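Those protein sequences? They're chains A and B, same order as listed.
Take the first sequence: its letters are residues 66 to 180, numbered as in our numbering.
Take the second sequence: its letters are residues 457 to 568, numbered as in our numbering.
Hints listed in this document are in silico derivations from the structure and should not be mistaken for laboratory results.
Computed from a prediction, not measured in an experiment: that's the story for all the values here.
Positions of the beta carbon are idealized from the N, C-alpha and C atoms, including for glycine.
Take the hints with a grain of salt, since some may be wrong.
As the list claims (entries may be wrong) - With the C-beta cut set under 7 Å, the calculated list includes, among others, these residues of chain A facing chain B: (1) V94; (2) P95; (3) Y115; (4) T116; (5) F128; (6) Y166; (7) K172.
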Amino acid sequence: AQSVTQLGSHVSVSEGALVLLRCNYSSSVPPYLFWYVQYPNQGLQLLLKYTTGATLVKGINGFEAEFKKSETSFHLTKPSAHMSDAAEYFCAVSLSGGSNYKLTFGKGTLLTVNP
Amino acid sequence: KAGVTQTPRYLIKTRGQQVTLSCSPISGHRSVSWYQQTPGQGLQFLFEYFSETQRNKGNFPGRFSGRQFSNSRSEMNVSTLELGDSALYLCASTRAFTDTQYFGPGTRLTVL
């Protein structure tokens, strides 16, 4: 079974400050890991993903995440927050390989950016 | 290329009724997954269809069902609606043999 824990249901940062959203996972097999963002009244938009290869993954809008197997973590970072980054962020895990399209999501972290 | 579309965007039903939601995947995508999003339970996987066959199923009662048509469009049905079924229902499509799910805007279901 897989699970995802997102530490902090609400994170508040100042504009221009570092954004760090934490995600830890549990998986019995090598996982695929994803970060999605959700703006109010919208669906989920993929920010970035880790499947295999380089453990530092760069995504859209200046976000990046690092897969750390020893720590079972996949934290999301952005060097400088922008007002438009305010949204809810979800970390998700799926089984690697083949045609398994079941995503298990964390509870989400609401990011607030203060001017 | 058009994204995933879901209809209707909003629905209001009363307890005991049934409802059908529709999802049109991105052109060329053959897998469609459904998720329920609620404030209490978060995002939960309902089921996934590929080439008209259900391949994966989440832990939901039999009142929740789905199907996929030959053009990859999918519908999900909820019978005997309960207040707790009020949620945002999200559909996602995936191209075969890839790993990224693309989500639609969702259908907001309110059960009164």
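Hint-by-hint comparison with the structure:
no.	hint	in the structure
1	V94	violated, 14 Å
2	P95	violated, 12 Å
3	Y115	violated, 10 Å
4	T116	holds, 6 Å
5	F128	violated, 16 Å
6	Y166	holds, 5 Å
7	K172	holds, 5 Å
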